[in-house]
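Visitor: Protein sequences appear in the order of chains A and B. Heads up: the first sequence begins at 1 in the numbering used here, then just goes up one per residue. Heads up: the second sequence begins at 110 in the numbering used here, then just goes up one per residue.
Keep in mind the hints are simulated off the structure, nothing from the lab. Fair warning: there could be bad hints in the mix.
[Unchecked claim] In silico lysine to aspartate or glutamate, EDC-like type, Cα no more than 20 Å apart, as pairs: (1) B:K153 - B:E194; (2) A:K3 - A:E14; (3) B:K160 - B:E192; (4) A:K96 - B:E166; (5) B:K160 - B:E177; (6) B:K163 - B:E194; (7) B:K163 - B:E177; (8) A:K3 - B:E151; (9) B:K187 - B:D133; (10) B:K187 - B:E123; (11) A:K3 - A:D67; (12) A:K96 - B:E177; (13) A:K96 - B:D165; (14) B:K150 - B:E161; (15) A:K96 - B:E161; (16) B:K124 - B:E192; (17) B:K124 - B:E194; (18) B:K124 - B:D139; (19) A:K96 - B:E192; (20) A:K69 - A:E31; (21) A:K96 - B:E123.
Computed from a predicted model, the values in this text were never measured in an experiment.
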Amino acid sequence: DAKTTQPPSMDCAEGRAANLPCNHSTISGNEYVYWYRQIHSQGPQYIIHGLKNNETNEMASLIITEDRKSSTLILPHATLRDTAVYYCIVRLNDYKLSFGAGTTVTVRA
Amino acid sequence: EAGVTQFPSHSVIEKGQTVTLRCDPISGHDNLYWYRRVMGKEIKFLLHFVKESKQDESGMPNNRFLAERTGGTYSTLKVQPAELEDSGVYFCASSLNLGGLGYTFGSGTRLTVV
C-alpha cells in the first residue's frame with residue numbers, strides 16, 4: 001500500500017470549511033484514496049473514497065490532484081460533531097485497512 | 110437499518126482469565142472483520158470472515174486469540190488466557206461487498222486486562 005502523510009492535528013472554526021490534506025506520492029494507478037474518521041468512543045466511520053475524479057457526498061468532498069500524489073478532504077461546514085481523528089488510506093480496495101496516526105481535527109465554537 | 114452491534118461495550122478481566130467478545134454484523138453482510146487498537150498504537154486488522162469462513166487471519170497476534178462465526182451470522186472473538194498487552198479496543202466491522210463501498214464499524218469493546 002502507498003504510504004500517506006497527514007498533519008498530526010488541525011483546528012477549525014465552527015461553520016467554516018475544514019480542508020484536510022493528505023500526501024500519497026507513491027500511489028499506484030489502481031489504488032483508491034479512502035477517508036475514514038473516528039469520533040471519540042466510536043468505531044471508525046467511512047466518509048468517502050475516490051480514484052481519479054473529485055467526489056462529493058452528503059458528508060464531504062474529496063479533491064484529488066491530477067497527478068494523484070495528494071488529496072484534500074473538505075468538510076464544507078464544520079460542526080462541533082466533526083471533531084475526530086481523520087484517516088487518509090490508500091489501497092486497492094478497503095479490505096484490510098491500515099490506519100495510520102491520522103489528523104486530529106478539533107472544531108472550535 | 111441496525112448497525113454493527115458489539116458487546117460487551119466494556120470488559121475488565123484479570124490476567125489469565127478468558128473473555129469472549131461478540132459482534133453482530135448488519136443483516137445480510139457476508140463480510141465481517143475484526144480490528145483492534147491496543148494502547149498507544151494504531152488500529153490494526155485482525156481477521157476477515159466471508160460468511161462462516163475465515164478468509165484472512167494474518168493479523169491475529171497469537172494462538173491465544175480464536176475467532177468464530179458459526180452459521181455466518183454473528184461472530185465471537187475469544188482471548189484465552191488474556192494477557193496485559195491484550196488491553197485495548199476491539200472493533201468489528203461488516204460490509205456487503207468486498208471493497209469500494211466502505212465498512213460499517215461497531216462502537217467497539219474496550220478490554221482491560223489487570
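Visitor: If a hint holds in the structure, say so; if it doesn't, say that too.
Guide: Evaluated hints:
Taking the CA atoms of K153 (chain B) and E194 (chain B), the gap is about 14 Å. The hint holds against a cut of 20 Å. Using a Cα cut-off of 20 Å, the hinted pair K3 (chain A) and E14 (chain A) is violated, with the two alpha carbons roughly 31 Å apart. Annotation: proposed proximity of K160 (chain B) to E192 (chain B) is violated, straight-line Cα distance about 29 Å (limit 20 Å). Of the pairs offered as hints, the one joining K96 (chain A) and E166 (chain B) holds, with about 10 Å between alpha carbons and a cut-off of 20 Å not exceeded.
Restraint check: the Cα-Cα separation between K160 (chain B) and E177 (chain B) comes to about 10 Å, which is no more than 20 Å; the hinted pair holds. Straight-line distance between C-alpha atoms of K163 (chain B) and E194 (chain B) comes to about 24 Å, which puts the hinted pair past the 20 Å bound. Our distance criterion of 20 Å between C-alpha atoms is met by K163 (chain B) and E177 (chain B), whose separation comes to about 8 Å. For the given pair, K3 (chain A) sits about 15 Å from E151 (chain B) by alpha-carbon distance, which is consistent with the 20 Å threshold.
Note on K187 (chain B) and D133 (chain B): the hinted pairing holds, with a Cα-Cα distance of about 15 Å set against a maximum of 20 Å. Between K187 (chain B) and E123 (chain B) the alpha-carbon distance is near 15 Å, which keeps this suggested pair within the 20 Å criterion. Distance hint between K3 (chain A) and D67 (chain A) is fulfilled; the C-alpha atoms sit about 16 Å from each other, no more than 20 Å. Taken as a hint, the K96 (chain A) and E177 (chain B) pair is honoured in the structure, with Cα atoms around 18 Å apart against an allowance of 20 Å.
A distance of roughly 9 Å separates the Cα atoms of K96 (chain A) and D165 (chain B); the hinted pair therefore holds under the 20 Å criterion. Only pairs whose Cα atoms come within 20 Å are accepted, and K150 (chain B) paired with E161 (chain B) is rejected, the gap being roughly 29 Å. Simply put, K96 (chain A) and E161 (chain B) have alpha-carbon atoms about 18 Å apart, close enough for the 20 Å limit, and the pair holds. For the given pair, K124 (chain B) sits about 5 Å from E192 (chain B) by alpha-carbon distance, which is consistent with the 20 Å threshold.
A threshold of 20 Å between alpha carbons decides the hint, and for K124 (chain B) with E194 (chain B) the separation of about 10 Å falls inside it, so the pair holds. Taking the CA atoms of K124 (chain B) and D139 (chain B), the gap is near 34 Å; set against the 20 Å cutoff, the hint is violated. Note on K96 (chain A) and E192 (chain B): the hinted pairing is violated, with a Cα-Cα distance of about 25 Å set against a maximum of 20 Å. The straight-line distance between the Cα atoms of K69 (chain A) and E31 (chain A) is roughly 11 Å, inside the 20 Å bound, and the hint therefore holds.
The straight-line distance between the Cα atoms of K96 (chain A) and E123 (chain B) is roughly 30 Å, outside the 20 Å bound, and the hint therefore fails.
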